[in-house]
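S.K.: Each chain is listed here by its residues.
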Amino acid sequence: MNTARTPYGLIALALMVCVIVIAPLYMMVAISLKADEQQVLLDFGSWRAFWVNPWDMSLENYRIILADKVSPFLRYLFNSALIVTSIVIFGILINSACAFALSRLRFAGRGVILAVLIALIIIPMEALAIPLLLIMARVGWLETYQAQIIPFIAHPFSIFLFYQFFSKLPKDLDEAAFVEGATPFQVYWKIVMPLSLPVIATVAILQSLEYWNAYLWPLMITRGPATRPVSLALAQFFGTPPYLWGQLMAFSVMMSLPVLILYLSFQRWFIQSVVSSAIKG
Amino acid sequence: MAGLRQRDTSSAALIMSPALILIGVFVIFPFLLAIALSFTNQRLVPNLNVGTQFVGINNYLRILGQPEFLQAFRNTALFTILVTPLQSGFALAAAMLLNTKLPARNVFRGIFFLPTVITMVVVSVIWFALFRLDGFFNQLLWVVTGGNAPVVDWLHNPWLAMPALILLSAWQGFPFQMVVYLAGLQQINPELYEAAKVDGAKPWDEFWGVTMPGLRNTHIFVLVTTTILAFKLFTQVNLMTQGGPEGATQTVVRFIYEQGFTRGSVGVAAAASVMFFLVVLAISIAQRYIFTSEEEVR
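Just so you know, the protein sequences line up as chains A and B, in that order. Residues in the first sequence are numbered from 1 upward in steps of one, following the numbering used here. Residues in the second sequence are numbered from 282 upward in steps of one, following the numbering used here.
Just to be clear, a hint being listed does not mean it is correct.
[What the hints assert, rightly or not] Taking beta-carbon pairs under 8 Å as the criterion, some of the chain B residues facing chain A (in silico):
hint, residue
1, 335
2, 337
3, 411
4, 420
5, 422
6, 424
7, 479
[Claimed, not checked] Residues of chain A clear of chain B, computed beta-carbon distances all greater than 10 Å:
hint, residue
8, 17
9, 24
10, 63
11, 95
12, 97
13, 115
14, 127
15, 151
16, 191
17, 213
18, 256
19, 267
Just so you know, these hints were derived from the structure itself, not from any lab. None of the values given here were measured: they were computed from a predicted structure. Glycine is no exception: its CB is placed at the ideal position from the N, C-alpha and C atoms.
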């Protein structure tokens, strides 16, 4: 048996996919390390766009971005972090609580509420953006954090994910606690939630990616550095030519790094969360 | 038992109230508001002298008679029809590669997944550079054709701007479907492959006879989510082509954004939003229909 034969063909194919995936990212890093913008423009026309001479490497572009007072990179990054974490943390608490009641408690109208929530999943945010903008303008929430957080905390799809997971937990768990006189809230917080780490991680990762990628809503609702997220700051920088490619790429690298680090540390969870989002009920 | 039921109702209401109130205020209310506004001439900044009036179905008639909207709709449909098979096909190929005897599969899977964690704004900046006149794609064209091809201005060419956007969208989006497909592939019973081998099936027969039927539910999920996602196309278009050249990459969501936000015609934007929702709804209903008819077969 020659089972130990190395599948060179498969490895070659896999390496090809790797090149397709990594080359654009590699170019981003290479250009960001070139301090001389003239050199960047010269290199565009050749393979050198994907290469930086080790002795020419410089962090000058990074320094310029970090030192820019008009467009404070760290403030933008903080805005993004604050918005995404707030949505995720409040979202986990509120959506899981709702799903707990729907899956573990008995009350009239349970089926109707569940059906309505599932139907709401398909309403795309893009279809609600204009009326929401009108509402925000009326209540004076333009240019605020809360306008970027509060409308997105409650999330029908997250409720659905929690509901699916909770429904599969054995009923004996909470029945026993109820007999001993525990309140529904105690059962939710002390019994169900501690068992639900996988679904909490799934919802947290899917929500983080969704709102880290938010573009349309912050484009309409924010203007200055006060509450604008970092991706919009890059969009604004990119939208005002001339293109300073070294700095644009340095900005891109810096804003991608935190997510990349999180991804590399929790890779298994990221991939698992995508898979669980696809298992339908 | 009756006592328990009663206690459950009040505490259930209490536990659910934060989520249900927020959904009522920020999903259901804006949704109903969009429908209501679509029958008015509401402005983003109200004109106090005129006020908002009921205009019947005028907004709908206006949009449907407007070449700009019809073009945006056609473009979005074209993007969706082209990007969905490209992205799903590449995702399936990558997933099948990861489902073989490939060494270090988890490392490759981790690398293949990378584009999904890069935000679309960054992806747009990088690919804008790749599509420059002196960028990678023109160099590639030059090498492939031995220097005979003219330099192409990808993003400013009405025929090439959309394919360029499709390429980068598929690059950023495929890992998501790849991971879903991989999970689907791993659920196929290995004995089916053994049986096919015993019957002397070629890899090609195996693919069409075992793999594709085994992935039926995965296909439906992937196709529907990719289709809906593709229909929301906005970010990369707004950053890279602003709907141009000559409206060749204008999309439905960008039309809504321009009408409602840039021009302040909330009524028109609301009517476009309602129609956008109806299309997404139609896609979802098609999904549900396919799913149920499949369960009946079983």
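S.K.: Could you run down the list of hints and mark each one as holding or not?
M.R.: Hints and how they fare:
For the restraint placing residue 335 of chain B at the interface with chain A, the shortest Cβ-Cβ distance is roughly 17 Å, beyond the 8 Å limit, so the hint is violated. At about 19 Å, the closest approach between the beta carbon of residue 337 of chain B and any beta carbon in chain A exceeds 8 Å, and the interface hint on this residue is violated. For the restraint placing residue 411 of chain B at the interface with chain A, the shortest Cβ-Cβ distance is roughly 6 Å, inside the 8 Å limit, so the hint holds. At about 7 Å, the closest approach between the beta carbon of residue 420 of chain B and any beta carbon in chain A falls short of 8 Å, and the interface hint on this residue holds.
For residue 422 of chain B, the interface hint is violated, since its Cβ never comes within 8 Å of a Cβ in chain A; the closest pair sits about 13 Å apart. Of the supplied interface hints, the one on residue 424 of chain B is violated, with its beta-carbon coming no nearer than about 10 Å to a beta-carbon of chain A, more than 8 Å. With its C-beta approaching chain A no nearer than about 18 Å, residue 479 of chain B sits outside the 8 Å limit, and its interface hint is violated. The Cβ of residue 17 of chain A sits about 6 Å from the closest Cβ of chain B, inside the 10 Å cut-off, so the non-interface label is violated.
Once the 10 Å rule is applied to beta carbons, residue 24 of chain A is inconsistent with being away from chain B; the minimum gap is 5 Å. The non-interface label for residue 63 of chain A is consistent with chain B: the shortest C-beta to C-beta separation is roughly 19 Å, beyond 10 Å. The claim that residue 95 of chain A is not at the interface with chain B is violated, since a C-beta of that chain comes within 10 Å of its own (minimum 6 Å). Chain B draws residue 97 of chain A into its interface by the beta-carbon criterion, the shortest separation being 5 Å against a cut-off of 10 Å.
Against chain B, the non-interface label of residue 115 of chain A holds: every CB pair exceeds 10 Å, the least being about 13 Å. With a least CB separation of 4 Å from chain B, residue 127 of chain A falls inside the 10 Å interface cut-off, contrary to its annotation. With a least CB separation of 4 Å from chain B, residue 151 of chain A falls inside the 10 Å interface cut-off, contrary to its annotation. Every C-beta of chain B lies more than 10 Å from that of residue 191 of chain A, the closest at about 14 Å, which supports listing it as non-interface.
At the 10 Å boundary, the C-beta of residue 213 of chain A falls inside the reach of chain B, the nearest C-beta of that chain being 5 Å off. Residue 256 of chain A, annotated as away from the interface, has a beta carbon of chain B within 10 Å; the closest lies near 6 Å. The claim that residue 267 of chain A lies off the interface is violated: its Cβ sits roughly 5 Å from the closest Cβ of chain B, which falls inside the 10 Å cut-off.
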